[in-house]
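Enquirer: Starting from the known structure of chain W, arrange chain V on it as the hints suggest.
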Amino acid sequence: MYRYDEFDHAFVAERVAQFRDQVERRLSGELAEDAFKPLRLMNGVYLQLHAYMLRIAIPYGTLNSKQMRMLAHVARTYDRGYGHFTTRQNLQFNWPKLSDMPAVLHDLSTVEMHAIQTSGNCIRNVTADHFAGAAADEVADPRPYAEILRQWSSVHPEFSLLPRKFKIAVTGAERDRAAIQVHDIGLHLKKNDKGEIGFAVYVGGGQGRTPMIAKLIRDFLPEEDLLSYTTAVMRVYNLHGRRDNKYKARIKILVHETGAEELARQVEVEFAQLKDSELKLPDADVQAITRYFALPDMPERPEGWESLARWKKADEDFARWVQQNVQPHKNPDYGMVTISLKPIGGIPGDATDAQMEIVADIAEEFAFDEIRVSHEQNLILPHVALADLESVFRRLQGTGLETANAGLITDIIACPGLDYCALANARSIPLAQEISSRFGSAERQAEIGELKIKISGCINACGHHHVGHIGLLGVEKKGAELYQITLGGSGDEHTSIGEIVGRGFDPDKVTDAIETIVNTYLGLRLDPSEIFLAAYRRVGPQPFKDALYGSAAEAA
Amino acid sequence: MTRIWRETGFVENDPWIVETDDLTAGEDQKALLDLDTLIVRAEESNDVGLGVVLKPADDVSRLEPYLYRLEIVAVSFPAFNDGRGFSQASLLRQRLGYANELRAVGDVLIDQIPLMLRCGFDSFSVTNATALKRLADNRLPGIPHHYQPTARSAEAGQGYSWRRVSPKSA
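So the sequences go chain by chain: W and V. Just so you know, we're using my numbering here: the first sequence kicks off at 66 and counts up by one. Just so you know, we're using my numbering here: the second sequence kicks off at 10 and counts up by one.
Next comes chain W alone, as it looks inside the complex (with noise of 0.2 Å):
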């Protein structure tokens, strides 16, 4: 992975120098709340309904066994002893004292982290596929390209106050992990002819109130040219979108207003002046970056094939896990494990100190020091001999961590909601726990297979709802919640809104809607091969509705 240099270190105390004062200030009074805002906010610290929070970014996903330690020390020392990994793949503290977050980012810093540009109207953490670079079906790893717009980004003078926050995504795979046609940029990594790497660009994708699909506005940027472009589509953006509204101020009702090719165009025109600027990417830096990421030197371990097989026939509980949490690597001695972070009726992405330290315990014995955070809430380890799954698996086990649901029903994404969040409007972890304990029992989440629930407490839809195979959105209406129950969302390569089945559900009654629509599903599917996606896909949403309303003439 990628290791500061002076030049990063220097940036980084200078920026924990810059936010001490701005804190100090504040803190005397000197500066006002609606001043100190965007500094903070361009720092991590959002102002919450109860406290203070300091989301700390992780970038692309991707931290060492040192990092994890730190985070759990930062939980253990200014926080309540735990923290929340979200869905782009950082981590919030929910209660740090405003007067002690120079010292957290102080003590970030020794271990090369920050919480530079996680919130604000500015360019966010750049994320990527946490499998990156152990995938076996990626073209290029994603990071490397991740890395240097990460760098790029870090308080870039002209895109520092944008109309709105902007967020990045890379995949380098055909399978996209990182559901890059839902961020304001996505890049795909692919080859042309040649065997030249560039990206296809993805422009104004987005959830929130108003979900769109990004479009595609180049289908081939060479390598060299990912600066200049990205420079062009953010001072078109910054020029021309909307200010007026903060709920119209993301590029992707730009692109919407504006047409995707009309939009194309101007980027074009700009990047025409830019192309052979200084911004132009060497081969050599890009090089440079990428030995960052070189996998780690894997010795063959070859004994794990058998020993796996064997280990399963013996251990239910283990085959289970790794039939769920274990993928393939793209070396076949090796597997890419994920750490279920949705123990059963727990708190979605919660983990405390203790488990922080496990993780970190057991990347640093079996996983050559590589931990990810996927956007889905849990953590991987990458690489992970096959022979070494049962050690790792044993030291989960009665930890809270060794779940086996990734994937499943019981792998839901949650925002933080009424509980933490002064925009919602209704709860989140206590729905997802519900429903998290309704279908907790093994067998039950093996039959209904691969289903994706996605929840948000309100309609800026941190829990991405509209993208959940199963969404559920919390809504006020004459001050009480309700869940509005979305279909068929999808935030992979063939990205797909989700959409409302009907009128929506009060807190008590959602859980068993949930039911109906798997039994539903269960009822109507082909065969257990087809997925609750692609059924829906198949039959439409007129069997749901009428499982959940009775007649369609009396559905709403």
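In case anyone wonders, no lab produced these hints; they're calculated from the structure. All C-beta atoms, glycine included, are put in the ideal place defined by N, C-alpha and C.
Cβ pair distances, simulated, as ranges:
no., chain 1, residue 1, chain 2, residue 2, range
1, W, T275, V, N109, 39 to 47 Å
2, W, E98, V, R148, 20 to 28 Å
3, V, A34, W, D348, 52 to 60 Å
4, V, R148, W, E261, 45 to 53 Å
5, V, N109, W, D341, 25 to 33 Å
6, W, D348, V, N109, 37 to 45 Å
7, W, D362, V, N109, 53 to 61 Å
8, W, D362, V, A88, 49 to 57 Å
9, V, P74, W, R307, 23 to 31 Å
10, V, D116, W, E239, 43 to 51 Å
11, W, L360, V, T139, 48 to 56 Å
12, V, A34, W, Q338, 33 to 41 Å
13, W, Q338, V, A138, 39 to 47 Å
Expert: Coordinates of chain V only, in the frame set by chain W:
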């Protein structure tokens, strides 16, 4: 009180004013014209030493034919968080090659001044009390390590082509 600040210090007797209904340029003063007025004036005369004040939605490329006749371009920030002026400044300096005074006017706050300097602003019309005090103390809150080239030239930074270092905190 509004004062004009440049990196050399506060400027006394600055002649440029933005005219309003209640305020017109006096004998020792010069008006910053809005973009349309500037273009009409430039087309109808051979005047040089002109000044213009841009609004955030103005297209800076319209200034291109007249740049050599301008002594100052002021870019307005009606609110500090309206960042269009950063792109306008970058385009004026990098694309159009404008080399005379480039002034930020409006809601100019201390924490934005380092970013403005990097985008090519070299003059600031400042009203905010904290900003005035910090500028008087010469305490700019900027940081010298940068991850991107910008309009303001800076030395190459360690490691990669996109990095830059400023001699001091700008």
